[in-house]
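Chemist: Heads up: the sequence lines are chains H and R, in that order. Take my numbering: the final residue in the first sequence is number 401, and no numbers are missing along the way. Take my numbering: the final residue in the second sequence is number 750, and no numbers are missing along the way.
Since the hints were made in silico from the structure, they are not lab data. Accuracy of the hints is not assured; some may be wrong.
Straight line, CA to CA, 30 angstroms or less: simulated BS3-like cross-link-like pairs of lysine-lysine [unchecked claim]:
| id | chain 1 | residue 1 | chain 2 | residue 2 |
| --- | --- | --- | --- | --- |
| 1 | H | Lys389 | H | Lys399 |
| 2 | R | Lys364 | H | Lys317 |
| 3 | H | Lys310 | R | Lys364 |
| 4 | R | Lys498 | R | Lys479 |
| 5 | R | Lys364 | H | Lys302 |
| 6 | R | Lys669 | R | Lys630 |
Okay, the calculated beta carbon distance ranges per label pair [unchecked claim]:
| id | chain 1 | residue 1 | chain 2 | residue 2 | range |
| --- | --- | --- | --- | --- | --- |
| 7 | R | Ala177 | H | Phe53 | 32 to 40 angstroms |
| 8 | H | Asp316 | R | Asp721 | 29 to 37 angstroms |
| 9 | H | Val283 | R | Asp314 | 52 to 60 angstroms |
| 10 | H | Lys288 | R | Lys479 | 29 to 37 angstroms |
| 11 | H | Thr358 | R | Ala177 | 36 to 44 angstroms |
| 12 | R | Asp409 | H | Asn187 | 50 to 58 angstroms |
| 13 | R | Asp314 | H | Gln180 | 53 to 61 angstroms |
Note that CB positions come from ideal geometry on N, CA and C, so glycine has one too.
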Amino acid sequence: MTDATLPVTQSRLTAFAREYLQTIGASVHEDGPRWHVNLPDYVDVEFSNGSEFEVVLETDSSEQGGQDEFVLAPESEFAQQLLDEAISISPVGRLSVTDELSGGEYQYPDWVVESDLQVVDASFMPYYDREAVFAVVQIGVETVSEYQTQFLEAVSIDASSQEELTGMAETVLQSFYDPKNEPGDSDWEDNSTESIGTEVFEAAVSECQQTALDNVREAIADIRESASRAADAEFDEYRQLQNQQLSDLRDEIESVTTRLQNVADDVDTASSHEDRVDALQKREELQAKQEELEKKRADILESKQHGFEDKRREIYQRHHLEVQTKPVATTLVSYERGEIELRLADCGRNETMRAPYAAGAGYTDTVNCPSCQAKLSPDNPVKMGVTGLRCRKCL
Amino acid sequence: MDDEDLVDVEIAHEAPDDISDAYTPEASEFPFHRLTVVANRLSAGQPDTELRSLSSVDEEQVKLLEHQVDAAHRALFEMDGKALLADEVGLGKTIEVGMILKEMHYRETDDSVLILTPAQLAKQWQGELREKFGLDFVCNYDGEFQGFDAHDRIISSIDTAKSDRYRHSVLSRNWDVLVLDEAHYVKNEDTDRYELIDKLTYDYAFFLTATPIQNELTDLYNIVSLLRPGLFGSRETFHHYFVDNGQDTLVNRNELQQRLHQVMIRNRRAETDIDFTNREIDTRTFQPSNSERELYEAVTDYVREAYSEDRGQKLVLMMLQKEVVSSPAALKKTIRKQLDANNELTHRSELETILEKIDAIETVTKQERLFDIVEEAREHVEMGRVIVFTQFRATQQQVLESLQEQGYTTHAFHGGHSSQEKENIVDRFREEGGVLVSTDAMSEGRNLQFCNIMVNYDLPWNPMKVEQRIGRIHRIGQKREVFVFNMALEDTIEEYVLERLYHKIDLFQQTVGELSTILTRLEDSGKGFEDEIFERLVNADSEANLENDFEAMAVDLEEQQELSEKVENFNSAVFENFDLGATDD
Chain H
7 MTDATLPVTQ SRLTAFAREY LQTIGASVHE DGPRWHVNLP DYVDVEFSNG
57 SEFEVVLETD SSEQGGQDEF VLAPESEFAQ QLLDEAISIS PVGRLSVTDE
107 LSGGEYQYPD WVVESDLQVV DASFMPYYDR EAVFAVVQIG VETVSEYQTQ
157 FLEAVSIDAS SQEELTGMAE TVLQSFYDPK NEPGDSDWED NSTESIGTEV
207 FEAAVSECQQ TALDNVREAI ADIRESASRA ADAEFDEYRQ LQNQQLSDLR
257 DEIESVTTRL QNVADDVDTA SSHEDRVDAL QKREELQAKQ EELEKKRADI
307 LESKQHGFED KRREIYQRHH LEVQTKPVAT TLVSYERGEI ELRLADCGRN
357 ETMRAPYAAG AGYTDTVNCP SCQAKLSPDN PVKMGVTGLR CRKCL
Chain R
166 MDDEDLVDVE IAHEAPDDIS DAYTPEASEF PFHRLTVVAN RLSAGQPDTE
216 LRSLSSVDEE QVKLLEHQVD AAHRALFEMD GKALLADEVG LGKTIEVGMI
266 LKEMHYRETD DSVLILTPAQ LAKQWQGELR EKFGLDFVCN YDGEFQGFDA
316 HDRIISSIDT AKSDRYRHSV LSRNWDVLVL DEAHYVKNED TDRYELIDKL
366 TYDYAFFLTA TPIQNELTDL YNIVSLLRPG LFGSRETFHH YFVDNGQDTL
416 VNRNELQQRL HQVMIRNRRA ETDIDFTNRE IDTRTFQPSN SERELYEAVT
466 DYVREAYSED RGQKLVLMML QKEVVSSPAA LKKTIRKQLD ANNELTHRSE
516 LETILEKIDA IETVTKQERL FDIVEEAREH VEMGRVIVFT QFRATQQQVL
566 ESLQEQGYTT HAFHGGHSSQ EKENIVDRFR EEGGVLVSTD AMSEGRNLQF
616 CNIMVNYDLP WNPMKVEQRI GRIHRIGQKR EVFVFNMALE DTIEEYVLER
666 LYHKIDLFQQ TVGELSTILT RLEDSGKGFE DEIFERLVNA DSEANLENDF
716 EAMAVDLEEQ QELSEKVENF NSAVFENFDL GATDD
């Protein structure tokens, strides 16, 4: 799970706004917490009609933007306008990840990290270029209860094999998409002549959506449990209400029955024809009432016998989760694949080992023990044997 | 949870049409694309979760502690504005709520706020929020209070809110913020109080209690379910899963902690850096002069008789009884007022007799003895700073004059001053030293840690007021030992209150906050403290009965105190090893 959200602090917002204004061609003259901004004629922005305006960086709660003056603060209207404009500017981009980006800092395989061996030297040997798709995917989870959540996941997959490149999403986010860390031109320059067709690209983006969803499954499972508990509590309330109603109905039926008996007596003892007709009419009304109540009670009892299944289904259905994924930005990444050569040492002895590796993504494939061919893993890390490298299992 | 107990999940993957349309195999301008990705990241991120109003809190008025800031932050930003603040007693839950409300005010998310408290604490809440955080609320005990639909920021006793008169208007509003103090009083789902909270509509809620569990673990379920319905599922599920059959211990503690962590914050005293200095109590009782004794007896007889014959307002009679032990000057003022205001008084002669007895007093014993204390202070304490508290302006005036005659530097502080004047007075007292003679108008929120000696010249019958007086000087930031002198005349109501009640519950050594727990327990059983004292005084037909009555009240108080302690200990035991104060990160 690679969370792509960034906490909105004043400094991040300031860095973003500065870069945004400069990128669209504005000149920004900074005077402490006030910026004087001049937009070129060809730039049209939503938030201002004029080409000159002031930006006031958040300082004080009472600060209100005047005419042609905008307050830049987390949650300020101006900040939101800038973000909205930037979001729609260019949802697709390209960049290149090379070995240089790591500056010699490699992502070692976990079966090395967990071993007792020391990496005394490492070098990456790129063999060929590949294309990957990096996507930022929005995942919204909605329920009727209060546990509505939104995730923003970053994922990377190889465009042709569609396998996830777990380490790459984090590398790309940190190296290229941190507002406080503007990459130089050479860092991202895409020299690759290769490209991928639209169909392959679309398939890769879809795969990214699915992968992003898989990565937050655990969190969604928690939300599902919370929503289920809320549904359970509501259903429980309903059940109690029905039991109460049953008890009320029983009392009411008893009361109607007593009144019916009394009316029956009235029929028998009526002194005039008129009284008798009145009593008969009353009896009819009460019988109808009794039947109605009995039916109501029978209906509830029947539902109860079935555990109020319909109601339960209805409540649970209302509390169901709607999960929606949407890619909001995608970067086509050209990257180098090859092998990493690791010189591993223990007590003065050292041996060399190679592993499939990709720049920005780390090791990309399984490696087996040179001796017993068992798969190396954090639980079965590499070890130094008498005759060379081995694994925990075969030592 | 089994699969059949879970709600369904519908998944939809939105087709990436926009993205596909924007895709071209040619290179795009990366700087623009970078801005799009960054903007998405920021847009989906949580807004700045700094407490931005903190800088505008006056540090002179309130020293914010780390655990309080953390609690306010978590309640607002991690719990989505619905939290149970369950710090142990004395760690400043009111301050935490003050910070929360201040921040919400800053962010303009507090158009309507309702604070429900036990009756005893309503005014104290009002004072603290005003003095410490600059937040103005109308209290249901204020003259200007015109109902729950007439104001947007209200502090009310919960019982007033649930009364037939107001219930409808309280429930018909949609409140932005609800604060519920001593939330354990809504633990029982069969009560009117619970029903009121259950039916209230609000967007944000903060419940406060040091003891979420009073009797059984279901209490916790009820309180939490009011805040976050469904967090624990149904009652049966909660019992089945978290409570052992014996009803007194929790099972599946990790799971419970995980869920409680979403809604409850509990700081423990041992984990905070709160450290109070020692408090030394010196209670001095004095033999009244014969003329003072005569006056006291005359007034007491008058009050008893007037009350039994129902010929006097209870409040006025109560005041006379308090004034007679405060000062002859205070008493004289009230008696004069009575005589002047009512020409048809049937008991005019008795009042005139009392006036004569007042005039017969040549030396006021307490006043004379006060000189001893301030003299000791002048010799031993920096700049001889002493605060003398009295309930009455007339007493204040008399004390000031006598001190001035003796050559002491004096300062007067009372409710008649404007806020600026009050500030100036405190500043002068800090700079010049001497004796500050104050009424209880000082009790609301002003901090005087630079002084460490206070005198209770007379004693309020409401122990909360005593606690507030002490709280002015004995608070976080006080670096020296604090001395509290209590003055009382022998064999008077004041001595009874002091010796039989206040010392019995160790009032003068209580941790801040403990007292409110005891008193709200008492209040919950339908008794008011001042009324209790007065009723016992006027209804006792002999000295022995009076003593017995006060003894009974003391026993009652002690029981409440023991109960409070038990409940507090029980909660500590239940929540032991619960790491509710920190995040999981």
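Chemist: Next step is simple, just say for each hint if it's right about the structure.
Modeler: Verification of the supplied hints:
1. H/Lys389 with H/Lys399: Holds: H/Lys389 and H/Lys399 sit about 9 angstroms apart, inside 30 angstroms.
2. R/Lys364 with H/Lys317: Status holds; Cα separation ~23 angstroms.
3. H/Lys310 with R/Lys364: holds, 27 angstroms
4. R/Lys498 with R/Lys479: holds, 18 angstroms
5. R/Lys364 with H/Lys302: holds, 28 angstroms
6. R/Lys669 with R/Lys630: Holds, at roughly 17 angstroms.
7. R/Ala177 with H/Phe53: 32 to 40 angstroms: holds, 33 angstroms
8. H/Asp316 with R/Asp721: 29 to 37 angstroms: violated, 55 angstroms
9. H/Val283 with R/Asp314: 52 to 60 angstroms: Since the Cβ atoms of H/Val283 and R/Asp314 sit about 54 angstroms apart, the hinted range of 52 to 60 angstroms holds.
10. H/Lys288 with R/Lys479: 29 to 37 angstroms: violated, 58 angstroms
11. H/Thr358 with R/Ala177: 36 to 44 angstroms: About 50 angstroms separates the Cβ atoms of H/Thr358 and R/Ala177, which means 36 to 44 angstroms is violated.
12. R/Asp409 with H/Asn187: 50 to 58 angstroms: Once the Cβ atoms are compared, 53 angstroms apart, the range 50 to 58 angstroms for H/Asn187 and R/Asp409 holds.
13. R/Asp314 with H/Gln180: 53 to 61 angstroms: This hint holds: roughly 54 angstroms between Cβ atoms.
Of the hints listed earlier, those the structure fails to meet are numbers 8, 10, 11, in rising order.
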